[in-house]
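Make a model of the complete structure from these sequences and hints.
Protein chains: 4
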Amino acid sequence: MQLEKQSIQNINQDALAAHQRKFTYIAGEVANAEHIVKKLEAFNIAIPSWALGTGGTRFGRFSGGGEPRSLEEKIEDVGLIHALNRSSNSISLHIPWDIPDNASSIKTLASQLGLHFDAVNSNTFQDQQKQELSYKFGSLHHVDKAVRKQAVEHNIEVIKYGVELGSNALSVWLSDGSNFPGQLNFRNAFKNTSESLQEIYDALPDDWKIWIEYKPYEPNFYSTTIGDWGQSYLLASKLGSKASTLVDLGHHLPNTNIEQIVSLLLMEGKLAGFHFNDSKYGDDDLTVGSINPYQLFLIFNELVEGMDARGLDHATGIGWMIDASHNVKDPVEDLLQSVEAIKIAYAQALLIDQQELKSAQQNNDVAKGQEILQNAYRTDVRPLLAEARLRADGALDPIGAFRKLKVRDQLIGARGSKSVATGL
Amino acid sequence: MQLEKQSIQNINQDALAAHQRKFTYIAGEVANAEHIVKKLEAFNIAIPSWALGTGGTRFGRFSGGGEPRSLEEKIEDVGLIHALNRSSNSISLHIPWDIPDNASSIKTLASQLGLHFDAVNSNTFQDQQKQELSYKFGSLHHVDKAVRKQAVEHNIEVIKYGVELGSNALSVWLSDGSNFPGQLNFRNAFKNTSESLQEIYDALPDDWKIWIEYKPYEPNFYSTTIGDWGQSYLLASKLGSKASTLVDLGHHLPNTNIEQIVSLLLMEGKLAGFHFNDSKYGDDDLTVGSINPYQLFLIFNELVEGMDARGLDHATGIGWMIDASHNVKDPVEDLLQSVEAIKIAYAQALLIDQQELKSAQQNNDVAKGQEILQNAYRTDVRPLLAEARLRADGALDPIGAFRKLKVRDQLIGARGSKSVATGL
Amino acid sequence: MQLEKQSIQNINQDALAAHQRKFTYIAGEVANAEHIVKKLEAFNIAIPSWALGTGGTRFGRFSGGGEPRSLEEKIEDVGLIHALNRSSNSISLHIPWDIPDNASSIKTLASQLGLHFDAVNSNTFQDQQKQELSYKFGSLHHVDKAVRKQAVEHNIEVIKYGVELGSNALSVWLSDGSNFPGQLNFRNAFKNTSESLQEIYDALPDDWKIWIEYKPYEPNFYSTTIGDWGQSYLLASKLGSKASTLVDLGHHLPNTNIEQIVSLLLMEGKLAGFHFNDSKYGDDDLTVGSINPYQLFLIFNELVEGMDARGLDHATGIGWMIDASHNVKDPVEDLLQSVEAIKIAYAQALLIDQQELKSAQQNNDVAKGQEILQNAYRTDVRPLLAEARLRADGALDPIGAFRKLKVRDQLIGARGSKSVATGL
Amino acid sequence: MQLEKQSIQNINQDALAAHQRKFTYIAGEVANAEHIVKKLEAFNIAIPSWALGTGGTRFGRFSGGGEPRSLEEKIEDVGLIHALNRSSNSISLHIPWDIPDNASSIKTLASQLGLHFDAVNSNTFQDQQKQELSYKFGSLHHVDKAVRKQAVEHNIEVIKYGVELGSNALSVWLSDGSNFPGQLNFRNAFKNTSESLQEIYDALPDDWKIWIEYKPYEPNFYSTTIGDWGQSYLLASKLGSKASTLVDLGHHLPNTNIEQIVSLLLMEGKLAGFHFNDSKYGDDDLTVGSINPYQLFLIFNELVEGMDARGLDHATGIGWMIDASHNVKDPVEDLLQSVEAIKIAYAQALLIDQQELKSAQQNNDVAKGQEILQNAYRTDVRPLLAEARLRADGALDPIGAFRKLKVRDQLIGARGSKSVATGL
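Chains as they are written, first to last, in the numbering used here: chain A, 3 to 426; chain B, 3 to 426; chain C, 3 to 426; chain D, 3 to 426.
Chain copies aren't distinguished; within one or between two, either way the pair holds.
Computed cross-link-like contacts, DMTMM-like style, restricted to lysine to aspartate or glutamate with a CA-CA straight-line distance of at most 20 Å: (1) K41 <-> D315; (2) K162 <-> D208; (3) K162 <-> D209; (4) K193 <-> E307; (5) K370 <-> D411; (6) K360 <-> D146; (7) K420 <-> D129; (8) K244 <-> D208; (9) K272 <-> D209; (10) K408 <-> D367; (11) K406 <-> E358; (12) K40 <-> D315; (13) K240 <-> E270; (14) K24 <-> D382; (15) K138 <-> D367.
Keep in mind that the hints were calculated from the coordinates and are not lab data.
Next up, the structure:
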């Protein structure tokens with residue numbers, strides 16, 4: 003299914019007066035409202051194909067209904083999201099879950115919905131049915147060269163699919179690690195990983211990037227071979243300028259100062275982009291901004307300041323993507339909430355008077371520095387987001403419109419109440 | 003020094019028009035603005051006497067200037083804070099740091115500034131100069147009955163000072179614990195603590211309460227004898243109805259769900275109140291709301307809902323106090339920021355439509371439940387706080403007024419740039 | 003398959019001389035070697051039926067071969083373990099994974115292998131195929147009374163199966179919780195849980211116990227309705243003397259002092275027993291003693307001292323069970339390693355001179371207290387374990403024997419290389 | 003005071019028979035006992051001058067008696083430790099706490115006791131009395147170039163003192179960081195630090211090294227400018243081959259896999275050495291091996307394997323030092339316990355058959371890999387340590403000898419019961 007512009011506008015109509023009252027107010031209160039609205043219009047966050055169905059844990063999965071049964075239906079769902087929020091104009095695929103049978107028709111479908119293809123993701127953390135060698139003990143770090151070779155070739159195949167679809171980045175997350183002391187030799191594992199990545203790197207087209215994710219634990223629970231930003235950075239440095247570090251917000255030890263890592267990676271020219279989500283304990287893959295929205299804001303403060311310092315375009319300078327698991331909410335609603343939270347943080351960060359902040363920092367006026375950030379954060383920027391959506395023919399209230407238009411009911415009608423999407 | 007009402011009003015004058023514009027707007031947008039303003043007017047948070055000077059760590063202390071040199075000057079500082087924010091009408095003393103030489107004149111001074119005395123705090127985590135027995139190995143849990151007796155008597159003496167000043171609660175934080183496995187017998191330590199507390203409990207005046215704080219570590223680094231809410235609750239249950247559990251936000255292991263603990267203690271009638279602060283790592287004693295303001299809001303959501311369910315008055319039903327350490331900011335500014343953050347969280351919690359929330363919960367509409375909380379949290383309630391202050395003759399912008407009136411300079415002029423207050 | 007006593011003895015023969023040399027040495031060095039050997043002979047740890055197959059994570063599962071395909075084959079595997087280590091004389095079942103079609107023949111089979119049935123476990127964290135109502139939003143804490151009723155009845159049914167098999171305890175672990183702030187009302191969830199447990203409690207046979215497990219997170223990632231020992235203790239206290247708290251070593255926040263919790267629960271008569279495993283990050287379910295064996299020893303120190311103080315028999319006073327997931331090792335080998343680690347910790351704890359320790363504690367001789375524990379811990383007690391096994395007709399080296407006898411090959415031969423056991 | 007070799011030998015006499023029995027046994031059981039004893043004889047761990055007095059926390063300090071009042075007395079204490087354990091042949095000084103008035107006489111004193119001078123430590127985390135500019139807001143990262151210059155010059159002065167004493171490494175730990183979001187610009191702070199370090203680096207004598215420590219928090223509680231190994235590594239890489247990363251075991255976030263970091267730093271040629279201690283929560287600075295001795299062993303496993311792979315001499319290839327705080331134990335006894343724990347871990351690591359381990363790893367025989375490590379770890383190597391000490395004229399039981407010789411009483415007699423050493 004596809005959402006008609008008109009049906010969204012009809013729903014907007016009822017809320018228009020209230021919106022205009024709110025927008026007029028905030029536009030009068032903040033100095034750069036128009037600037038922020040324009041930035042928000044240009045800003046998009048990619049949707050992962052594997053997050054359009056209900057997620058699960060090792061203890062079970064409780065599916066919802068109307069989940070996409072094919073790559074086409076996944077693209078259709080991203081189209082729905084984008085029609086509502088006008089900020090999700092791309093999809094990130096996971097191979098082999100999303101192998102396109104016919105790349106050209108898939109591209110056409112996406113294009114009709116205003117979508118393109120973000121980074122493609124390889125998968126060497128599961129064994130596929132006809133796979134020759136097992137990844138039980140890892141992939142790119144494996145002690146057996148044949149397994150490493152198989153994993154390298156899989157990554158090169160993923161690039162090939164990406165090229166067909168017009169993607170230009172390969173995102174690599176490895177689950178390689180160990181569960182017990184003594185299981186592996188850290189040094190050899192790291193060197194094997196480095197060599198394997200080099201082979202993949204050498205196969206990258208000229209205009210492609212490789213993004214190297216890190217994660218401290220899960221599904222391995224003693225060590226992970228690319229466990230922290232330093233290890234990812236080290237690998238990316240050895241590889242060269244096309245390689246950089248991908249930050250998944252949930253992939254950190256308790257209490258990590260993620261915004262500082264972001265700042266330093268930007269400084270070193272090695273920040274690939276983000277997998278956004280939120281968490282209270284570990285890689286909980288919760289809705290972005292649902293647990294600690296101030297941290298998200300602090301990250302965007304670093305991003306705005308740091309990207310401006312390097313002259314990077316906010317919308318395209320790095321990769322923006324959600325990576326969450328929707329275990330108890332409608333996946334589409336959950337993704338709409340995540341995009342909203344990201345854009346709120348971004349808008350608030352754009353409110354910060356960077357000159358004033360620098361001046362407070364230069365004077366060690368700590369209370370003032372805190373006030374500047376808090377003033378931006380405490381501002382209600384939601385009317386700015388709504389205005390940006392309105393101008394782009396999106397919904398003033400995306401989740402509200404999703405519900406009023408009974409989209410999920412229609413999807414269940416079309417796909418059945420027992421459909422289960424591939425993914426985590 | 004004392005702040006004249008007139009001088010604050012003069013400063014308010016310049017910001018009045020802007021304030022009225024903002025307040026009018028928000029009052030038009032939210033359903034219960036007037037109700038919230040009234041609640042805010044009635045709401046006060048006690049100031050700890052030991053937080054009026056610059057704090058330190060084991061690595062050092064970098065004093066500011068104009069710190070209070072006596073109990074009188076500490077009360078004077080709280081008077082300044084209260085004159086600005088009209089929400090800090092009491093002070094919490096720490097004995098023996100704050101022994102009043104003349105209780106009656108101290109009470110008169112406080113009364114003139116609109117202040118009264120909150121819970122009194124005992125100190126058995128340090129040795130005092132003329133103290134007979136050492137607390138090196140603990141106090142109420144000590145293996146030696148004589149040490150326990152000395153500590154019990156100190157607590158009873160603290161109650162006596164509190165009675166003289168019109169306080170009606172004893173706040174007990176013990177550093178008792180161990181640094182190494184084998185150092186103590188957990189069971190005996192717990193039983194000794196229970197017996198010692200019983201002796202103190204028996205000495206409480208009829209209208210007094212005893213508040214039992216818990217903390218998982220520091221200054222002991224292997225075990226703490228009252229280490230978590232469960233241990234505090236167990237002790238408070240054994241003692242009786244005058245005993246309850248005090249929650250210091252910084253006294254939890256990483257990732258603890260504090261709001262759930264608050265909810266359950268309220269349910270069981272055992273929530274004494276709070277020591278507010280914020281932290282990223284441990285008991286960092288940072289400004290309230292400076293690290294994770296959403297958590298603070300979630301705690302206030304539980305408080306508002308839970309206190310209403312028990313028919314408790316928000317302002318007086320439990321104890322509200324700040325317990326922070328101001329290592330790099332002016333202590334008065336820092337405390338003003340903390341009070342502001344607490345009241346913002348409280349106002350946002352008052353915005354929540356509890357009926358609507360209950361309905362979403364009853365329907366397992368998780369996305370809706372989240373939206374309800376986030377809608378309240380994302381609302382800019384600062385004009386409501388400013389209005390409450392304005393009506394109470396406080397400053398629209400407390401820190402701004404503090405700076406414009408050059409209060410710190412005057413304090414330095416009066417007390418010198420090398421004064422160092424007692425405290426942590 | 004079943005291991006013949008003779009085949010184990012044949013293998014022991016080769017190592018007998020070395021064993022006797024080692025045992026003679028240690029028996030001469032420590033004061034109470036014979037006492038420890040006897041205690042070890044009497045000590046058994048239950049094997050969970052769900053840990054006999056390869057475990058997995060949400061990212062995948064890499065099965066081994068020869069996994070048990072039925073309850074009978076699970077019992078057979080425990081029989082193999084017990085034949086080798088003579089310390090695993092019971093099995094803990096999980097309903098509905100392990101519903102016995104014919105209880106009497108199952109009991110006979112177990113009995114032939116020297117086994118009996120430990121606590122039975124209910125499962126309300128997954129939906130079963132023909133189940134009427136879903137546990138997606140919880141079971142005993144559910145907002146809908148009908149769901150709670152279904153979950154209560156399931157538990158009562160589990161008791162019924164347990165009675166048939168001669169078990170006498172129900173172990174309840176709930177995954178009930180929430181993923182997002184606003185999803186549930188903590189107080190109502192707790193009260194619902196309490197009422198549901200009361201109904202189950204009322205259905206317990208006279209000689210039965212109910213063990214209430216706690217866990218801070220996973221599979222819910224914002225709150226868990228029985229999240230810590232304090233919450234479990236509170237529920238168990240309300241229920242009565244048949245209810246107590248079950249400690250799973252992996253169910254704690256980072257840095258929790260578990261041994262102190264154990265000590266206090268024992269003191270209050272509310273320690274049900276253990277689910278043993280080890281972890282570095284969260285509920286990693288790794289082999290017992292593989293990550294932090296000293297912590298395991300410290301727990302056993304509290305157990306030995308605390309059980310002796312209450313006059314509890316070490317072997318039967320509380321429940322002993324493994325709860326681990328074997329993702330990269332042969333499950334049987336992994337379980338053998340776990341049992342070995344538990345018994346080493348127990349033997350080391352039995353080495354502690356409790357009188358000497360008490361004396362050091364009474365004198366605050368911290369260095370001495372540490373030395374006493376470390377002296378016990380640093381002693382190589384493996385010959386004591388081997389001797390206990392030898393006397394009970396077990397293997398001197400259980401894993402060595404398992405490999406030499408090619409047990410896994412035989413199991414694969416009988417069950418196939420693609421069999422997958424039910425479980426996590 | 004100084005311990006006579008004869009008095010130690012007299013005490014050894016009583017325990018000699020038992021020692022020889024134990025040593026003979028273990029020498030017969032393990033393949034490379036003689037090799038390990040020789041390695042242990044060659045192995046020394048430096049003692050920090052600031053750990054010879056009782057430590058404290060921000061909540062207080064409970065001094066013991068007989069603490070060293072001068073640099074001479076600190077050296078004297080290290081002499082006592084070395085006489086007992088024969089493994090502490092150097093001292094690490096902290097400037098300005100330990101400025102030598104007369105370097106030549108200090109060197110002579112040390113030399114008489116068999117000691118030399120390990121790395122010198124600068125201190126820019128505290129303000130000294132006559133210091134012109136304050137380090138309240140940092141030192142090498144400071145926004146003010148004048149403060150940075152002062153801190154650089156202090157470090158260069160420390161090198162000068164070190165040169166006089168024969169030291170050849172500068173150890174730099176910075177407390178630079180921030181307490182609040184907004185306080186500083188991470189990028190500028192990092193760049194300033196890098197530039198300041200470059201100036202110090204340029205002043206290093208040819209044969210000197212600079213060791214850069216990292217720490218995630220404390221005394222700053224929001225960010226630390228050199229917060230993790232990655233940041234330290236990045237700085238050391240920019241500086242050059244004389245710069246490397248110093249690992250303090252307590253300076254990590256919860257659950258960090260430290261041994262993996264050690265392995266990678268060794269691989270990259272950037273491991274400077276260690277500050278040994280142990281901890282349960284944060285930088286608790288507890289006795290080495292008192293909380294998690296298996297982790298210490300795993301670190302030594304990486305060290306032995308990794309140093310051998312690089313052809314580094316175990317004794318001198320990297321820097322070995324204790325950095326602990328002794329709050330409740332006699333500092334000398336505490337240090338003796340720490341050295342013992344380190345050497346036990348080292349001896350156990352030397353027991354590992356690296357060929358066998360590599361083979362298990364190559365075959366993904368995870369259970370076997372774990373067994374190999376555990377077999378080494380479970381071996382009682384204490385007789386090997388005692389033998390190494392005996393051969394070097396040290397005490398069989400250092401703490402026992404310290405107590406029997408009533409060393410602390412003599413120190414109190416000489417220095418008084420109220421002496422307080424400089425340090426943390």
